[in-house]
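Go by the hints and put chain B onto chain A.
Protein chains in written order, with this note's numbering: chain A, 339 to 627; chain B, 77 to 374.
Don't take each hint at face value.
[Stated by the list, open to error] When the alpha-carbon atoms are kept at most 27 Å apart in a straight line, the in silico DSS-like pairs for lysine-lysine are as follows: (1) A:507 with A:518; (2) B:169 with B:105; (3) A:518 with B:360; (4) A:421 with B:105; (5) A:500 with A:421; (6) A:421 with A:518; (7) A:627 with A:507; (8) A:421 with B:360; (9) A:441 with A:601; (10) B:209 with B:131; (11) B:339 with A:441; (12) B:169 with A:615; (13) B:169 with B:269; (14) A:500 with A:627; (15) A:627 with A:615; (16) B:248 with B:269; (17) A:421 with A:601; (18) A:627 with B:105; (19) A:518 with A:627; (20) A:441 with A:615; (21) B:269 with A:615; (22) A:421 with A:507; (23) B:169 with A:627; (24) B:131 with A:615; (25) A:518 with A:500; (26) A:601 with A:615; (27) B:105 with B:269; (28) B:245 with B:269; (29) A:421 with B:169; (30) A:500 with A:615; (31) B:360 with A:627; (32) B:105 with A:507; (33) A:507 with B:360; (34) B:169 with B:248; (35) B:105 with B:245.
Hints listed in this document are in silico derivations from the structure and should not be mistaken for laboratory results. Quick caveat: nothing in here was measured; it's all calculated off a predicted structure.
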Amino acid sequence: MEYLIHILVISGIYVILTMSLNLIVGYTGLPALGHAAFSCIGAYTSALLTLRLGLSPWIGLIAGIFLAVITGLISSFPALRLKGDYLALATLGFNVIIYGIAKNWVELTRGPMGLPGIPSFSIFGLKLTETWQYLLLVLFFDILSFIFLWRIVDSPFGRLLKGIREDEKAIQMLGVNTVKYKVMVFMVGAGFAGLAGVLYAHYITFIDPSSFTIMESITILLMVIFGGMANLYGSIIGAVSLVVLPELLRFLGLPSSVAAPLKQMIYGLLLVVLMLKRPQGILGEYRFK
Amino acid sequence: MNLLTYSIISAAIYSLIALGFTLIYRTVKFFHLAHGGVYTAGTYAAYTTFMLLQKIGSDSLIFNLIIATLVGMLVAGVLGILIDRIVYYPLRKMFASDLILLLASFGVFVFIQNFIQLIYGAQIFTIRTWPVKEGHHILGAVITDVQIAIIITSFVVMLLLWLFVQNTKFGKAIRAVSDDPVGASVVGINPEKTIIIVFFIGSALAGLAGTLISLETNIEPSMGFNAILKGIIAAIIGGIGSFPGAVLGGFLLGFAENFGVWKIQAGWKDTIAFAILIIFLLFKPEGILGIKIKTEKD
Numbered sequence: 339m340e341y342l343i344h345i346l347v348i349s350g351i352y353v354i355l356t357m358s359l360n361l362i363v364g365y366t367g368l369p370a371l372g373h374a375a376f377s378c379i380g381a382y383t384s385a386l387l388t389l390r391l392g393l394s395p396w397i398g399l400i401a402g403i404f405l406a407v408i409t410g411l412i413s414s415f416p417a418l419r420l421k422g423d424y425l426a427l428a429t430l431g432f433n434v435i436i437y438g439i440a441k442n443w444v445e446l447t448r449g450p451m452g453l454p455g456i457p458s459f460s461i462f463g464l465k466l467t468e469t470w471q472y473l474l475l476v477l478f479f480d481i482l483s484f485i486f487l488w489r490i491v492d493s494p495f496g497r498l499l500k501g502i503r504e505d506e507k508a509i510q511m512l513g514v515n516t517v518k519y520k521v522m523v524f525m526v527g528a529g530f531a532g533l534a535g536v537l538y539a540h541y542i543t544f545i546d547p548s549s550f551t552i553m554e555s556i557t558i559l560l561m562v563i564f565g566g567m568a569n570l571y572g573s574i575i576g577a578v579s580l581v582v583l584p585e586l587l588r589f590l591g592l593p594s595s596v597a598a599p600l601k602q603m604i605y606g607l608l609l610v611v612l613m614l615k616r617p618q619g620i621l622g623e624y625r626f627k
Numbered sequence: 077m078n079l080l081t082y083s084i085i086s087a088a089i090y091s092l093i094a095l096g097f098t099l100i101y102r103t104v105k106f107f108h109l110a111h112g113g114v115y116t117a118g119t120y121a122a123y124t125t126f127m128l129l130q131k132i133g134s135d136s137l138i139f140n141l142i143i144a145t146l147v148g149m150l151v152a153g154v155l156g157i158l159i160d161r162i163v164y165y166p167l168r169k170m171f172a173s174d175l176i177l178l179l180a181s182f183g184v185f186v187f188i189q190n191f192i193q194l195i196y197g198a199q200i201f202t203i204r205t206w207p208v209k210e211g212h213h214i215l216g217a218v219i220t221d222v223q224i225a226i227i228i229t230s231f232v233v234m235l236l237l238w239l240f241v242q243n244t245k246f247g248k249a250i251r252a253v254s255d256d257p258v259g260a261s262v263v264g265i266n267p268e269k270t271i272i273i274v275f276f277i278g279s280a281l282a283g284l285a286g287t288l289i290s291l292e293t294n295i296e297p298s299m300g301f302n303a304i305l306k307g308i309i310a311a312i313i314g315g316i317g318s319f320p321g322a323v324l325g326g327f328l329l330g331f332a333e334n335f336g337v338w339k340i341q342a343g344w345k346d347t348i349a350f351a352i353l354i355i356f357l358l359f360k361p362e363g364i365l366g367i368k369i370k371t372e373k374d
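Here chain A stands alone, though its shape is the one from the complex (with noise of 0.2 Å):
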């Protein structure tokens, strides 16, 4: 039970990072291959404020978030200039820039020996030891973003979106700037990733940069194209399908040294097939031009 209540709660985070992911990439249309950089950037400055400042979690999820936020920003300059695979490439390099600052910075983040003993959340003096209390934390994240993350995408704001992605010269016609657009999606994505890296590290207690790797980035994407592009009920589909199913391999009793393996294989597998067969997703709408 405790382990079923475990999944539940990893798939929780997942919904968050697959939703914002799609924000980025289904809506807007901007192939985004660094998600893992800036849930990275937000799990790193929170252990690291409650850990060496001994600020709350409270604290260092806001400044998570935000610093995540810029690091969207920052991120967001390539996106203003490249297209299509260039601009997919770009983000894959920044993804493995930001995994090289947490794994060499060693002064900063202890490189890959990681941070241990990050403390947990605490609501109103109750600390959250139990996992099914974190689970209703996140199911609260969860709800939140989905929220804000609908209200986005079902406005004029979220038309728009759609509007660029389909013809961005139209829109610049139409006298929108589309690039300042741009920007906002990445910054908006970038923050619920960083608040998704923030409830990773309490829940864990522990990090280090191999969470953050390009492999993690190309998971999230997969979540949201098997889901669906431009669906939010498609990404939580697809984070908990995803995060579910390769458990399963668990029940087969195999060694973990054949089971990472192979549940790295499926899920290369199941882009290639999505690729061919139906790059939209399961309820999605858009597929990549």
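Showing chain B alone in chain A's frame:
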């Protein structure tokens, strides 16, 4: 100054990967990330062959290495063709976008890397079972026989590729299909046949690069990711689609990385490489040689 030796070896390896990547990119016009998987597969094939040869008692080191390298190249080449036929060919027929091809390619890469990890395990292997000899001292740099062999082989292969592409009928067909597939088919060149040849040669180059570097460093299943990214960076900073550009980019990257970490930790190499990439993408996306073969789509 071992830095110089390391720089030249990195440069040679990056150039080889970038050349194979460029050859393929010129014809199919998308980022073939699975090239990194092909590189790893070729290296492991070479490693396995070498170990088998030693086991059955073939004790000529040079002979074993040559056979292992050839097997590595062959396996890589065939794998390249298979990827193209199974994944890229159907996508091309559907007129899938470059991004869809890129993501499919990433999927293939992830699959291959983890397949290798499943078979061989995540631990590192080394092909270097021979006794280490002291290197030669040339101009203050220390260089071993193996390192000289790596450098010479790389440059000979690069030269051969250049002669092949510029002078042979196949080479002309490859250039024709890269520039204008429809036009090429009008004059009787089969584009699909040409693409198969391109995938074979390009992938074999990746297999060679992987095998050569395994003479210097350890091998592990995740080695391909860095390799393909460095290859792409080299190709982009040199000028994507250009063969001289790929070599130039390989050299710039190899030297920048190795001299860049002269005073700081070696772990920063990748960060330096990607910082260079992003600077180029922002300010000079057409690269140094600036041959723009990819047209703006909208």
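Taking the hints in turn, this is what the structure says about them:
Our distance criterion of 27 Å between C-alpha atoms is met by residue 507 of chain A and residue 518 of chain A, whose separation comes to about 14 Å. Only pairs whose Cα atoms come within 27 Å are accepted, and residue 169 of chain B paired with residue 105 of chain B is accepted, the gap being roughly 14 Å. Between residue 518 of chain A and residue 360 of chain B, the direct Cα distance comes to roughly 23 Å. Compliance with the 27 Å bound is thereby established for this hinted pair. About 15 Å separates the Cα atoms of residue 421 of chain A and residue 105 of chain B, which keeps this hinted pair within 27 Å; it holds.
Of the pairs offered as hints, the one joining residue 500 of chain A and residue 421 of chain A holds, with about 16 Å between alpha carbons and a cut-off of 27 Å not exceeded. For the given pair, residue 421 of chain A sits about 15 Å from residue 518 of chain A by alpha-carbon distance, which is consistent with the 27 Å threshold. Between residue 627 of chain A and residue 507 of chain A the alpha-carbon distance is near 15 Å, which keeps this suggested pair within the 27 Å criterion. With a CA separation close to 14 Å, the supplied pair residue 421 of chain A and residue 360 of chain B stays within the 27 Å bound.
Between residue 441 of chain A and residue 601 of chain A the alpha-carbon distance is near 25 Å, which keeps this suggested pair within the 27 Å criterion. Of the pairs offered as hints, the one joining residue 209 of chain B and residue 131 of chain B holds, with about 23 Å between alpha carbons and a cut-off of 27 Å not exceeded. Proximity of residue 339 of chain B to residue 441 of chain A is assessed by CA-CA distance (about 18 Å); at most 27 Å being required, the pair is judged to hold. Among the hinted pairs, residue 169 of chain B with residue 615 of chain A is consistent with the structure: their alpha-carbon atoms are about 13 Å apart, no more than 27 Å.
Distance restraint check for residue 169 of chain B and residue 269 of chain B: the Cα-Cα separation of roughly 15 Å lies within the 27 Å cut-off, and the hinted pair is therefore satisfied. Taken as a hint, the residue 500 of chain A and residue 627 of chain A pair is honoured in the structure, with Cα atoms around 13 Å apart against an allowance of 27 Å. In summary, the hint linking residue 627 of chain A to residue 615 of chain A is supported, as the alpha carbons are separated by about 15 Å, within the 27 Å threshold. Note on residue 248 of chain B and residue 269 of chain B: the hinted pairing holds, with a Cα-Cα distance of about 13 Å set against a maximum of 27 Å.
For a cut-off of 27 Å, the pair hint linking residue 421 of chain A to residue 601 of chain A is broken: about 31 Å separates their Cα positions. Proposed proximity of residue 627 of chain A and residue 105 of chain B is supported: the alpha carbons are some 14 Å apart, at most 27 Å. With a C-alpha separation of about 21 Å, the suggested pair residue 518 of chain A and residue 627 of chain A falls inside the 27 Å cut-off, and the hint holds. A distance of roughly 38 Å separates the Cα atoms of residue 441 of chain A and residue 615 of chain A; the hinted pair therefore is violated under the 27 Å criterion.
Between residue 269 of chain B and residue 615 of chain A the alpha-carbon distance is near 25 Å, which keeps this suggested pair within the 27 Å criterion. Distance check on the hinted pair: residue 421 of chain A and residue 507 of chain A sit about 13 Å apart at the alpha-carbon level, within 27 Å; holds. For the given pair, residue 169 of chain B sits about 16 Å from residue 627 of chain A by alpha-carbon distance, which is consistent with the 27 Å threshold. For the suggested pair residue 131 of chain B and residue 615 of chain A, the alpha carbons sit about 45 Å apart, so the restraint of at most 27 Å is broken.
Of the pairs offered as hints, the one joining residue 518 of chain A and residue 500 of chain A holds, with about 14 Å between alpha carbons and a cut-off of 27 Å not exceeded. Among the hinted pairs, residue 601 of chain A with residue 615 of chain A is consistent with the structure: their alpha-carbon atoms are about 21 Å apart, no more than 27 Å. With a C-alpha separation of about 16 Å, the suggested pairing of residue 105 of chain B with residue 269 of chain B holds against the 27 Å cut-off. Between residue 245 of chain B and residue 269 of chain B the CA atoms are separated by roughly 13 Å; this keeps the pair inside 27 Å, and the hint holds.
For the hint pairing residue 421 of chain A with residue 169 of chain B, the CA-to-CA distance comes to about 23 Å; that is within 27 Å, so the pair holds. Taken as a hint, the residue 500 of chain A and residue 615 of chain A pair is honoured in the structure, with Cα atoms around 23 Å apart against an allowance of 27 Å. Distance check on the hinted pair: residue 360 of chain B and residue 627 of chain A sit about 24 Å apart at the alpha-carbon level, within 27 Å; holds. Restraint check: the Cα-Cα separation between residue 105 of chain B and residue 507 of chain A comes to about 24 Å, which is no more than 27 Å; the hinted pair holds.
Restraint check for residue 507 of chain A and residue 360 of chain B: the C-alpha separation of about 23 Å stays at or below 27 Å, so the hint holds. For a cut-off of 27 Å, the pair hint linking residue 169 of chain B to residue 248 of chain B stands: about 24 Å separates their Cα positions. Taking the CA atoms of residue 105 of chain B and residue 245 of chain B, the gap is near 22 Å; set against the 27 Å cutoff, the hint holds.
The structure fails hints 17, 20, 24 (numbered hints given earlier, in ascending order).
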